[in-house]
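Trainee: Listed below are the residues making up each chain.
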Amino acid sequence: MQHTVSKDRYERMRKTGSIHYSMEIKRNLAEMVDKFPDNPQGMNYFYDRYEKFLSGDDTSYQGKKVVASMCIHVPLELIYAVGAVPVRICSGAYSMDQIGTEFLPAKTCPMVKSTLGAIYLDILPGNIDPVLIVNPATCDQKKKMGEMGDELGKPLYLLEVPPTKDTEEARRYWHRVIKKFVKKLESVTGNKITRRSLKRAIKMVAKAQAEYRRFNQIRKTAPVIYGKDAILVTNAYFFDDIERWTQKLSELNDELEKRIEQKVYVGKAHSPRILLTGSPSIFPNVKLPVLIEELGGVVVYEEFCSTSRMIWDTVAVDEWFLYDMIPAVADRYLKPSTCPNFSPNDDRKRKIAKGIEDFKVDGVIYQTFTGCQLYDMESRTVGNFVESLGVSTLFIESDYNPDDFGQLTTRLEAFLDSLKNKK
Amino acid sequence: MKTKISKIRRWVNNGNVSRFRFWIQIIAFILFVYGSYFLIQVGQNLPTFACPYNPGSPGTCFLMSVQHRMHTSFSALFSWRGVGFLTSLLSFVLFFIIFNKAWCGFLCPLGTIQDWITMLRKRLGIRGGQYDEKSFKKLSWIKYVLLALLFLIPLAISNSFFGLPKLSHDLHTPFCQICPARIILPLFSGDTSQLSINFSSTVTIVMSSLAIIILALFFVGSFVKKRFFCFFCPMSALQYLFSKIGILRLTKVGDKCTRCGNCSRVCDMGILSIAEDITSVNVVTDNCMMCFKCVEACPEEDCLNVKVLNFKIFTSTEEGFFKRYNPAGDSKELPSEQSKK
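Going down the list, the sequences are from chains R and H. Residue 1 is where the first sequence starts when you use our numbering, and the numbers rise one by one after that. Residue 1 is where the second sequence starts when you use our numbering, and the numbers rise one by one after that.
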């Protein structure tokens, strides 16, 4: 696409884009940190990561082979096993969304626009220069966006996600796709996957999963952390060094466990407990959770591909050889996924139902980005299903533009009030 | 008291059933192959392969006594001999009801041998085969056909069906004639006489040749696929008929399942329904051998349960899962890895 704008203009776009981007990060982070008193100490690490890493001040990945990924279908274990670092580049930045508007249709989902904008301008977390950008064929917009790789001169790689996950045919197909992906990874990094490296990677990710599950257990027990912070923690999994992330989450968990003992809770006794689902909230686009919590609700569980869906499910291997480990890793990224690109997707309803029960949810807020067709289409069935469980839902269509604060505030306030009255 | 129970529970749920099973299998193997040398005699109606051709066998597999009892005229079968059959069936069921299909996973010597063959394959680092869904479904039928034949052939020796001539007497105990256990288990007692072709008549030549072929298939098959023979085992089919009343149960709470498929992936029999089925409570299917590897591989709290009646004895837990599959400090490696070293 570079040919469509002059080099001069591109440089200008990049310069202004990165200024807007870092302003956005600072502003939104301040919104999340300063407006809430008494944030856990353990969160400081994560706040700091955003400040430093997203704005490119942290250059710890420079010189390393980085494989950029999107969506939740890219097996991270395989990337670690070839000695590369995975960084998920799905973007939540409005400033990048505006760049993407330059070459994608106006009604495209802001996440796709924003991500492509960031790829185009090379404004990726940690200033990484990925050897491969893996683009899973999930929704149509992601698929079509992937085709622009050549035009942009970027190494975009299409990971062929099957349209369904329930059949054995889809599973076998996916296993073959992943085998091909392994070959690709080995060729771009020059390293071979070995029994030992993959096993190490599986265990490393499993440790992170175990810690994340502990985090969820804590959130189930008592409201000791705001959802906006939880979203930041899980969002940091996108790009952070996984072992350090696990370590820092463990420290945060220890602190939160103390908070449970001391009964230091967030929100008030009657704060409505909210489950958030739909199009993913990705920092810096966290206006919805922040607004909910400013208005007195507490987000207790997020059913997003940027949060719980990404880390929760585990890999179990029967025979610790590559022939079994690779399909086992492949399965983990297909079978339990509740991404709406799969049809049917009843598992998502069941997951939400379980979330409602486990986290004692009072109301469900369903977010759809303007132009995000799949979540929009699923909103009806999911909404009806949630209502049938006797839980109120609020459907919100929004995008990355911060201008709809006023309208959102009115609707959220009314919804939260109605939940409070029910309590 | 309560904390003590929950402590024990936690210890059990964090435990490694596969390792436990490995040792139980060895003990059971010794019992069912060499039991008579320890003067053990447990009767004729065992729901497992305890082969009477093996001099060390402490009892008899029920399939043999079924074939013997069916080797009779209809008039006799519906009189006193029928009672004999019913009482033997009853004692089979009484044995079976306690362990349910865990007979296959924990006690059957032929199953144990197959598991050892699989261990050998793993040690060599050779990839095993998998079933696709279609052949899995097709193969699952064979054992029922064999079970029906097991009743019908002896009956057709003593009776004439639809005016057809009676079958040859040499076809008595037809299943035993082709069963690999008849040849393998005596070998463990040093008896090689079964490893031969019986030239008494055309029928015996055919049947004993068939047995040798099946024996070869048994070894090749179980080397390639885990528990290959169990697919064709009429004992497994017969057991499944009574599985619903077994007091040992494998149950699932569908609401807690994320359908991640861990359970079906580790399943030696390749049962897919354990992961896909989110409505059934009882998840023991005809191919299930109740080895409980699925429970070990399930990371969801309380999703898969092993129960005795309604009392949970082993449950899937997060902690147990991570202990078994991804030891926290990398301190202990999995049993399957230890064997590799």
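One or more of the hints may lead you astray.
For lysine-lysine, the following DSS-like pairs were computed, each having C-alpha atoms within a straight-line distance of at most 25 Å [stated by the list, open to error]:
#, chain 1, residue 1, chain 2, residue 2
1, R, Lys220, H, Lys134
2, H, Lys323, R, Lys179
3, R, Lys203, H, Lys323
4, R, Lys220, H, Lys2
5, R, Lys64, R, Lys144
6, H, Lys7, R, Lys258
7, H, Lys256, R, Lys220
8, H, Lys256, R, Lys203
9, R, Lys360, H, Lys256
10, H, Lys323, R, Lys220
11, H, Lys307, R, Lys349
12, H, Lys256, R, Lys354
13, R, Lys35, H, Lys323
14, R, Lys203, R, Lys144
15, R, Lys354, H, Lys134
Calculated from the structure, these hints are not laboratory results.
Trainee: What hints, given by number in increasing order, does this structure fail?
Mentor: 1, 2, 5, 11, 13, 14 and 15
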